[in-house]
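> Protein sequence lines correspond, in order, to chains Y and E.
The numbers in my numbering rise by one with no breaks, and the one at position 331 of the first sequence is 373.
The numbers in my numbering rise by one with no breaks, and the one at position 261 of the second sequence is 303.
It is possible that some hints are incorrect.
For identical chains, the list gives no copy identity; a pair is met inside one copy or between any two copies.
Keeping only pairs whose Cα atoms sit at most 25 Å apart, straight-line, the calculated SDA-like set for lysine to any residue is [what the hints assert, rightly or not]: (1) K186 to A217; (2) K374 to G404; (3) K86 to D286; (4) K374 to T102; (5) K374 to G64.
Keep in mind that the hints were calculated from the coordinates and are not lab data.
Protein chains: 2
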Amino acid sequence: MAAEGLAALLLSTEPEIRWFSGFLTQFWQSPTRPWFLVVPARGKPVAVIPGIGAECMGRTWIEDIRTWSAPDPEDDGVGLLAAALSEHAGTGAIGLPMGPETHLRMPLNDFERLRAALPSTEFRDATGLIRALRRIKSEAEIDKIRFAAQAASSAFTRVPDILAPGMTETDAFRAFKIAALEAGLDDVAYLVGAARSGGYGDIISPPADRPLTQGDVLILDIGGVHDGYYCDFDRNFAVGAVGDAVHRAHETVWQATEAGLAAARPGATCADLFRTMQTAMGGDAEPNVGRLGHGLGMQLTEHPSLTPWDQTVLEPGLVLTLEPGMEISPGKLIVHEENIVVRNGPPELLTVRAPREMPVIG
Amino acid sequence: MAAEGLAALLLSTEPEIRWFSGFLTQFWQSPTRPWFLVVPARGKPVAVIPGIGAECMGRTWIEDIRTWSAPDPEDDGVGLLAAALSEHAGTGAIGLPMGPETHLRMPLNDFERLRAALPSTEFRDATGLIRALRRIKSEAEIDKIRFAAQAASSAFTRVPDILAPGMTETDAFRAFKIAALEAGLDDVAYLVGAARSGGYGDIISPPADRPLTQGDVLILDIGGVHDGYYCDFDRNFAVGAVGDAVHRAHETVWQATEAGLAAARPGATCADLFRTMQTAMGGDAEPNVGRLGHGLGMQLTEHPSLTPWDQTVLEPGLVLTLEPGMEISPGKLIVHEENIVVRNGPPELLTVRAPREMPVIG
Chain Y
43 MAAEGLAALL LSTEPEIRWF SGFLTQFWQS PTRPWFLVVP ARGKPVAVIP GIGAECMGRT
103 WIEDIRTWSA PDPEDDGVGL LAAALSEHAG TGAIGLPMGP ETHLRMPLND FERLRAALPS
163 TEFRDATGLI RALRRIKSEA EIDKIRFAAQ AASSAFTRVP DILAPGMTET DAFRAFKIAA
223 LEAGLDDVAY LVGAARSGGY GDIISPPADR PLTQGDVLIL DIGGVHDGYY CDFDRNFAVG
283 AVGDAVHRAH ETVWQATEAG LAAARPGATC ADLFRTMQTA MGGDAEPNVG RLGHGLGMQL
343 TEHPSLTPWD QTVLEPGLVL TLEPGMEISP GKLIVHEENI VVRNGPPELL TVRAPREMPV
403 IG
Chain E
43 MAAEGLAALL LSTEPEIRWF SGFLTQFWQS PTRPWFLVVP ARGKPVAVIP GIGAECMGRT
103 WIEDIRTWSA PDPEDDGVGL LAAALSEHAG TGAIGLPMGP ETHLRMPLND FERLRAALPS
163 TEFRDATGLI RALRRIKSEA EIDKIRFAAQ AASSAFTRVP DILAPGMTET DAFRAFKIAA
223 LEAGLDDVAY LVGAARSGGY GDIISPPADR PLTQGDVLIL DIGGVHDGYY CDFDRNFAVG
283 AVGDAVHRAH ETVWQATEAG LAAARPGATC ADLFRTMQTA MGGDAEPNVG RLGHGLGMQL
343 TEHPSLTPWD QTVLEPGLVL TLEPGMEISP GKLIVHEENI VVRNGPPELL TVRAPREMPV
403 IG
């Protein structure tokens with residue numbers, strides 16, 4: 043912050059506030075109330091939050107907790123926030139995330155009110171600063187991600203036993219979610235996928251009421267949560283017999299992951315890792331997905347991105363997904379994914395490595 | 043839009059884009075990519091979205107889908123978006139949500155780039171317009187909320203059988219989530235609560251590793267999802283024998299809900315409903331929560347709010363939570379909640395009414 047000339051950071055989103063404070067609650071699902079954390083360049087952070095969260099925030103290391111009875115149509119925390127910023131930053135510059143993968147979680151009208159209340163204050167982009175802090179995970183953070191990844195891996199091994207041809211995608215997703223909870227996850231915050239003959243059309247859809255059908259390729263892509271940390275990976279299954287083209291494509295993305303695992307060493311860049319996996323797929327990365335993996339932690343996807351343009355250098359403690367995907371035939375995809383942490387030497391696989399041959403359902 | 047002089051709406055958040063388009067995906071969990079929907083005053087909406095979502099959006103009624111390969115550090119959709127707005131709105135005013143309970147889900151830097159690309163365009167607050175559209179639910183929407191509320195109600199009846207003293211809160215929450223999925227919910231997107239002797243300290247916390255203990259009052263507050271629509275209600279349980287003060291407080295909030303059910307008629311206001319329930323609790327509404335209920339639908343909480351200041355008039359089709367809460371003793375809360383839809387005549391209860399006596403665990 044000193045190097046960037048910032049007197050304080052202003053945070054409004056769940057992962058940023060949690061990273062600095064430890065404040066963990068699903069209450070963020072409710073859009074009604076804004077929440078703020080002020081991190082001054084000197085001194086301890088100040089939480090400016092709705093009264094409903096005072097007790098929960100009081101269990102974190104934050105001591106200075108200022109509350110109002112929200113929602114309040116006259117002043118939904120802006121006055122308190124302006125006072126806290128003014129007290130800790132004077133007229134110094136305030137950093138907040140304004141760059142890629144960020145947003146401001148407060149009404150735009152209230153942000154204008156805040157600016158009007160602090161007319162001499164400059165608001166500057168602090169995306170790079172916060173990214174750099176969050177990018178490398180502590181061993182405590184890695185333990186949580188590993189737990190989530192191992193629990194989800196364990197649930198995936200049960201899929202051939204709990205799913206069967208004829209079951210709808212909706213029921214199959216529900217059965218897998220139950221298996222994932224039984225394996226020890228706190229939540230399955232994210233489960234997308236599809237089952238289609240010869241490969242699926244996209245990888246972000248909710249389940250359809252269509253039954254699993256002989257010849258389908260089923261993908262389940264899970265964002266499983268343990269103590270506020272995510273795993274994010276997928277597995278592919280053959281419903282009965284699938285064609286040779288599918289098996290060949292699965293072998294290709296599995297081998298692309300092997301290449302990624304071999305290349306994920308400190309000093310390599312994200313772009314290097316992208317190119318390694320793309321080359322292993324014969325240059326045929328699926329362009330619509332836009333990348334072949336990403337950071338992982340308190341969020342399902344985090345900076346950095348495995349793309350041709352991301353020059354972020356791999357360092358020990360960086361947690362990544364390797365996610366090579368390709369088209370089997372026009373409009374028919376196959377995507378594979380593992381979660382790793384960069385170590386000195388070979389990376390540590392946080393997931394249980396996918397079987398080289400697709401498991402068969404039915 | 044004509045009355046407000048708007049040439050187009052610009053939407054960037056999940057529920058707004060879904061309400062206008064039908065686009066349903068959990069992919070919003072990933073913060074990486076922005077998504078936009080332009081709703082012109084004349085003509086059909088235009089989706090400006092990452093390529094990864096083209097297939098999923100293509101299954102909605104939206105025909106004009108413009109994509110880019112996101113993430114793109116050079117231009118993450120801003121150029122495409124500016125062109126779509128310019129084409130459909132010319133230099134007319136663009137409405138976007140800027141008011142309470144809203145935020146802009148795109149990087150602030152990109153919003154500045156958009157404004158710079160459209161220097162003659164005025165951006166105006168359209169919160170009221172969008173609220174008014176979303177407030178009254180169709181019967182199809184009500185069916186989904188009812189399904190979620192009934193499934194969660196069914197799971198709650200199993201709680202005395204599946205929870206027991208000595209089980210940790212963490213394990214109890216997981217067991218209840220499994221029961222809720224087994225009852226037919228797609229997801230348990232939200233489950234908060236606590237168990238403490240004589241009442242709980244707050245209602246937004248994740249479960250602790252503390253065991254359920256004789257004398258505890260346990261609250262489970264579920265946001266259960268069916269086809270993208272939420273129920274949101276809680277139930278209280280006595281772990282073994284709890285004191286008379288707890289039983290009296292439960293009776294009070296149960297009766298306050300009865301009073302709310304009797305008062306929820308077309309023509310009454312949200313403020314009327316607040317006062318009715320507050321009076322039934324002897325004027326002792328818990329102030330930190332800030333309200334005694336709220337709207338419900340595609341989001342866990344929606345406009346309006348049951349507060350002294352919300353003059354929104356109840357109309358048939360308005361789905362609400364009634365959520366009276368009070369302090370049993372200093373720092374010890376009890377909160378009760380039901381989901382209703384306002385009808386001509388008495389409201390329809392979407393949840394199965396809570397038993398008047400708290401069910402007992404163990």
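> All hints, please: hold or fail.
Verification of the supplied hints:
{"no.": "1", "hint": "K186 to A217", "in the structure": "both (24 Å within a copy, 21 Å between copies)"}
{"no.": "2", "hint": "K374 to G404", "in the structure": "within (22 Å within a copy, 53 Å between copies)"}
{"no.": "3", "hint": "K86 to D286", "in the structure": "neither (60 Å within a copy, 43 Å between copies)"}
{"no.": "4", "hint": "K374 to T102", "in the structure": "between (48 Å within a copy, 20 Å between copies)"}
{"no.": "5", "hint": "K374 to G64", "in the structure": "between (42 Å within a copy, 23 Å between copies)"}
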